[in-house]
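In the working numbering, the protein residues as written are 1 to 448.
The set of hints was computed from the structure by calculation and includes no laboratory data.
Please note that the accuracy of each hint is not assured.
Simulated restraints, written as ranges between beta carbons of each label pair [unchecked claim]:
id : residue 1 : residue 2 : range
1  : PRO338    : LEU69     : 41 to 51 Å
2  : ALA138    : ALA170    : 50 to 60 Å
3  : GLY392    : ALA135    : 31 to 41 Å
4  : ARG446    : ARG341    : 26 to 36 Å
5  : GLY68     : LYS305    : 23 to 33 Å
All C-beta atoms, glycine included, are put in the ideal place defined by N, C-alpha and C.
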Amino acid sequence: MAARRQSETVGIILAGGRGERAKPITLKSADYIRSKALIPFVGKRLVEWVVEACRDQGIRRFFVVAHGLENRNQIKLLLGHGEHHGVEVRYSRSRLDRYNVGSAGATLHNLEQWDLQGRALVLPVDSLFDFDLAAMRATHDAYDALVTVAAVARTGAEIAGKYGVMRTDARGLVTGFVEKPSLAGLRELFPQTAADERATLPTNAGMYLVDCRRLRLLAREPGLFRQSHQRLDWGGDLLPWLAGQGHPVATHAIGRLGDLGNVPDYLHTLRLVLDGAYEHMNRLMARPGPAGAHGWIHESSLQTKDDLTGTTLAQKIEEGSVRIGPGVRIGHEVEIGPGVRLEYTDVGDGAEIREGSTLVNSAVGESAVIGAHADVLDSYVGPMAVVHSERGRPARLECHTAIGDGAVLRPGSRFRGITVYPRLRVPTLTGVPAATELKSADDVLRWV
């Protein structure tokens, strides 16, 4: 048993973050925030996709770094101890929560608590990764690396001001990190990006394969020990320190990284998943149904009748009164009226899409209602939210508008890049500036 556990790779899920950037997706109410692990995504919670993707590549033991009562309970209620996923799940001790001010510090203290000796894949819970664990292990072993950093190749234009870049030597080992450089700074440091705008550089994807035994020994040295009791992050602190001290830090290119930490990135990643760009999600999601390539419709929804015509969704698709384009997932018992058009859209269980509505590049949560003749484009509508709309006063949501759980919008609303917090009742509004956040009734009254 001991030898097997030395050779296996375990998963360490960093799930203690509060999900501030992902509001209102992470909000259940204005003052109650869910764990990022519980972000809904194509029919499951994000942490479930993380566990299943790793399980399918051979990881059977998971260790969750949680933080606080609510965060820990929310995840534990969902995953339990892994029984429903065919894995083993353990959780960090609450007494170690005080070290969760930094992702690396939290990792180091919990490596010790769990007495991990072999390899561990450390990954966040607010991202999707398309990767080959066996190939990453091969890179790790070839370099005898202390840490192997999952890397995504990006152009200078993609990197500037948004991503950190890794500098490597002739052997391919990391020698340093440049944190979110400007385009001018990037071209100065990496002349190849100035000569060819298509040239790519390795950026840190936030997922790490680590040698637990060696990292634990290193963490006991005075310098790193002191840092681990203060703020110690992976990308900004620990990795630069390791590379600067000459410890072997390797990189391994992965297929894709999808950030789900804010509404625009959530919708962008959703579009790619629904378009089949994530191979591991293609394997994990149900087989495509009659919607065509990269489309998923649950049988119960195909047999659900709308209350206007009394016909099933299957009948409406066959007669052409409902148009299901590419990249559509429809959950259980969804009611869809005539004249609806869907494209690259995820519709949660029990939702209602009324007649004449158009939804493109959007997400609709469980039991949400989209009113008649509404246009929902590049937007997020949370569970139980209601977007009232009528033929004469259609609602229009676009440009990364996000409607929180249980919020209610009146007919005729025109929202462009607006955030509405959960459970707010919003009268018909137009002309509200983009990027406005409606967090309370007082915020709503300012625009009435």
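Legend entry - Enumerated hints in conflict with the structure, sorted upward: Of the numbered hints given earlier, those the structure breaks are 2, 3 and 5, listed in rising order.
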